[in-house]
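Given chain A, put chain B in place with the hints provided.
Chains A and B are the protein sequences, given in the same order.
FYI, this note's numbering numbers position 102 of the first sequence as 669, with every residue one higher than the one before it.
FYI, this note's numbering numbers position 68 of the second sequence as 67, with every residue one higher than the one before it.
Bear in mind the hints are in silico, worked out from the structure with no lab data behind them.
Just so it is clear, the structure is predicted and the values come from calculations on it, not from any experiment.
All C-beta atoms in this analysis are idealised placements derived from N, C-alpha and C, irrespective of residue type, glycine included.
Errors might be hidden in some of the hints.
[Said to hold, decoys possible] If the Cβ cut is set under 10 Å, some of the chain A residues that face chain B in the computed set are:
id: 1; residue: 598
id: 2; residue: 602
id: 3; residue: 610
id: 4; residue: 611
id: 5; residue: 612
id: 6; residue: 619
id: 7; residue: 627
id: 8; residue: 629
id: 9; residue: 656
id: 10; residue: 660
id: 11; residue: 668
id: 12; residue: 671
id: 13; residue: 672
id: 14; residue: 674
id: 15; residue: 675
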Amino acid sequence: DAGVIQSPRHEVTEMGQEVTLRCKPISGHNSLFWYRQTMMRGLELLIYFNNNVPIDDSGMPEDRFSAKMPNASFSTLKIQPSEPRDSAVYFCASSLALGANYGYTFGSGTRLTVV
Amino acid sequence: GQQVMQIPQYQHVQEGEDFTTYCNSSTTLSNIQWYKQRPGGHPVFLIQLVKSGEVKKQKRLTFQFGEAKKNSSLHITATQTTDVGTYFCAASGSARQLTFGSGTQLTVLP
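Next comes chain A alone, as it looks inside the complex (with noise of 0.2 Å):
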């Protein structure tokens, strides 16, 4: 397996455009989890989705995002209008399943940058 794929892997944009961030995660894992990682605060959660339903957004900081997955190989986070403290490494994970005993498999992220 290929493991959990994103791309782009680099994303350089100007304040106000809509940026696209996409995820397939592994065959046959049913969670699908999005987080944002900065300096400053970390490892965030932003949303996590269980066989293609989102089951928690809260962590999602703004209505200027949203994420979907139609169907279980294939997931977006998409920020609109994407504003320079969106500027982080997006990473997606899967898992097995939801639940504490399913390790997570991350993919190799998305650096964003907005100027």
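Just chain B now, with coordinates in the frame of chain A:
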């Protein structure tokens, strides 16, 4: 989610010295996981501890879960430059998703 405090935030050691990072919670944890993130990389799952007092080893790494299941530690014996990175603990209490600690950034000086 479950809150876990991790100390120290940074640790510099000379190659060959030992290293320990600690993870603490005010409430009982159902389990705890440890991850390693190399500089510029992504977190990688290392291990999970479930039982009270559990001790697991991976080569030079020793992981412990406290008797009360409120704390955990990761100890590295005789550090090497390949051990450089940030070590995170992650835990869940009654919640079904993991909450990550703030991490301990390890620097190994050659």
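Consistency of the hints with the structure:
For residue 598 of chain A, the interface hint holds, the least distance from its beta-carbon to any beta-carbon of chain B being 8 Å, beneath 10 Å. Because the closest C-beta pair between residue 602 of chain A and chain B is about 8 Å apart, less than 10 Å, the hint holds. Nearest Cβ of chain B to the Cβ of residue 610 of chain A: about 4 Å, under the 10 Å cut. The hint holds. With a cut of 10 Å, the hint placing residue 611 of chain A at the interface with chain B holds, because the nearest CB-to-CB distance is about 9 Å.
Annotation: interface hint on residue 612 of chain A holds; nearest CB of chain B at approximately 6 Å, less than 10 Å. The beta carbon of residue 619 of chain A is not positioned within 10 Å of any beta carbon in chain B (closest approach about 16 Å), and the interface hint is therefore violated. The beta carbon of residue 627 of chain A comes no nearer than 14 Å to any beta carbon in chain B, farther than 10 Å, and the hint placing it at the interface is violated. The interface hint given for residue 629 of chain A is broken, as the beta carbon of that residue sits about 20 Å from the closest beta carbon of chain B, more than 10 Å.
Hint status for residue 656 of chain A relative to chain B: holds, with the closest Cβ pair at about 8 Å, below 10 Å. For residue 660 of chain A, the shortest C-beta to C-beta distance to chain B is roughly 8 Å, which falls under 10 Å, so the interface hint holds. For residue 668 of chain A, the interface hint holds, the least distance from its beta-carbon to any beta-carbon of chain B being 7 Å, beneath 10 Å. Given the 10 Å rule on beta carbons, the hint for residue 671 of chain A holds: about 6 Å separates it from the nearest Cβ of chain B.
Taking 10 Å as the C-beta contact cut-off toward chain B, the hint placing residue 672 of chain A at the interface holds, the least distance being around 7 Å. Below 10 Å, beta-carbon pairs count as interface contacts, and residue 674 of chain A has one with chain B at about 7 Å; its hint therefore holds. Restraint check, residue 675 of chain A versus chain B: the minimum CB separation of about 5 Å is within 10 Å; hint holds.
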